[in-house]
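**Student:** Sequence:
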Amino acid sequence: MGARVAIRRSRAALYSRRFGAVALPVLALGAVGHRVGAVDTDTLLVVILVGFLLATAAFAAGVYALADIWHSGAQGAGHAFAGLIYAAPALVLLALSLYATAAYPRLADISTDWDDPLRFSAADDLAPSEDLGAYAAIQNAAYPDVTARLYAVDAEQVFAVAEELVADRGWRVAESFPPEAAGDGGLIEAEARTPIFGFADDVLVRVQGLPEGTRVDVRSRSRIGEHDLSTNARRIRAFLNDLDAALAGVLNPSGGAGAPAAD
Numbered sequence: 028m029g030a031r032v033a034i035r036r037s038r039a040a041l042y043s044r045r046f047g048a049v050a051l052p053v054l055a056l057g058a059v060g061h062r063v064g065a066v067d068t069d070t071l072l073v074v075i076l077v078g079f080l081l082a083t084a085a086f087a088a089g090v091y092a093l094a095d096i097w098h099s100g101a102q103g104a105g106h107a108f109a110g111l112i113y114a115a116p117a118l119v120l121l122a123l124s125l126y127a128t129a130a131y132p133r134l135a136d137i138s139t140d141w142d143d144p145l146r147f148s149a150a151d152d153l154a155p156s157e158d159l160g161a162y163a164a165i166q167n168a169a170y171p172d173v174t175a176r177l178y179a180v181d182a183e184q185v186f187a188v189a190e191e192l193v194a195d196r197g198w199r200v201a202e203s204f205p206p207e208a209a210g211d212g213g214l215i216e217a218e219a220r221t222p223i224f225g226f227a228d229d230v231l232v233r234v235q236g237l238p239e240g241t242r243v244d245v246r247s248r249s250r251i252g253e254h255d256l257s258t259n260a261r262r263i264r265a266f267l268n269d270l271d272a273a274l275a276g277v278l279n280p281s282g283g284a285g286a287p288a289a290d
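Going from the sequence shown to my numbering is simple: count from 1 and add 27.
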């Protein structure tokens, strides 16, 4: 009888598949659990770290396994490729997060007006910096289009449309005061959630009637961390763009559709 030739199987390929197969489910379960209240924020941060580590380990093991298989002829290429494919969504999310961290400044509180800051009702409403002028300059350099709006529409109409947009977004309203009931104009204070993991952020919309029209300012801040990965700026930009579009059917904003107010 001829001697059997032992066929070596790549253990790294098997580990790649196992790690990759659980990376995305870990992140998904953490996100769902956080949204329904089963997972608190601190635990979610740990879950996210574990998910990203599993995806990174799957990628590293998969690359190593493929190189080993190429040189030694070991079996397991299917497992290695599966591990890389399973880990890909989590790795893309990680890459986007790292890119945003490097591409955008370290800001977590964005406002269209730091000269007359919008104030949240919460007792912990603090300014993001002792030097608001310097903070505003950094924000304006990074997000020059995130500015106040001035509309040639009465404040009550603008406030009603703003309330509809807040409701359409699913933001949880904490307080809402129409312009005639608020000395500083209409105010809508709400809680928004980030798209994927559902982190809670605070949003404040101010609607002020002025002699030349109605001014709208928005502030959005993250409750955790010092870098929002541009989430708050994108939230304000999207809200004001939708407000521009909604009010265009009533009356074009002064200076053109969605013209920003001059500071």
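If you are wondering where the hints come from, they were derived from the structure by calculation, not from laboratory data. All residues carry an ideal CB built from backbone N, CA and C; glycine is no exception. The reader is advised that the hints may include incorrect statements.
Cβ pair distances, simulated, as ranges [as the list claims (entries may be wrong)]:
| id | residue 1 | residue 2 | range |
| --- | --- | --- | --- |
| 1 | G197 | S148 | 16 to 26 angstroms |
| 2 | H98 | E253 | 44 to 54 angstroms |
| 3 | E218 | A65 | 28 to 38 angstroms |
| 4 | P132 | I223 | 28 to 38 angstroms |
| 5 | A48 | A169 | 12 to 22 angstroms |
| 6 | A194 | V73 | 38 to 48 angstroms |
| 7 | E239 | L80 | 50 to 60 angstroms |
| 8 | A104 | P132 | 39 to 49 angstroms |
| 9 | A272 | H98 | 53 to 63 angstroms |
**Student:** Is it true that G197 and S148 lie within 16 to 26 angstroms of each other by Cβ?
**Tutor:** Since G197 and S148 have Cβ atoms about 21 angstroms apart, the given range 16 to 26 angstroms holds.
**Student:** For A48 and A169, compare the CB-CB distance with the range 12 to 22 angstroms and indicate the outcome.
**Tutor:** 38 angstroms, violated
**Student:** Honestly, do E218 and A65 meet the 28 to 38 angstroms range at C-beta?
**Tutor:** For E218 and A65 the Cβ distance comes to about 18 angstroms; the hint is violated.
**Student:** Measuring from beta carbon to beta carbon, are E239 and L80 in 50 to 60 angstroms?
**Tutor:** 55 angstroms, holds
**Student:** Do the beta carbons of A194 and V73 sit within 38 to 48 angstroms of each other?
**Tutor:** This hint is violated: roughly 34 angstroms between Cβ atoms.
**Student:** Per the hint of 39 to 49 angstroms, is the separation of the Cβ atoms of A104 and P132 within bounds?
**Tutor:** 44 angstroms, holds
**Student:** Please check whether H98 and E253 have a Cβ separation lying inside 44 to 54 angstroms.
**Tutor:** For E253 against H98, whose Cβ atoms are near 45 angstroms apart, the range 44 to 54 angstroms holds.
**Student:** Regarding P132 and I223, is the given constraint of 28 to 38 angstroms on their beta-carbon distance met?
**Tutor:** At roughly 22 angstroms between Cβ atoms, I223 and P132 fall outside 28 to 38 angstroms, so the hint is violated.
**Student:** Is the distance from the Cβ of A272 to the Cβ of H98 consistent with 53 to 63 angstroms?
**Tutor:** 58 angstroms, holds
The structure shown violates the earlier hints numbered 3, 4, 5, 6.
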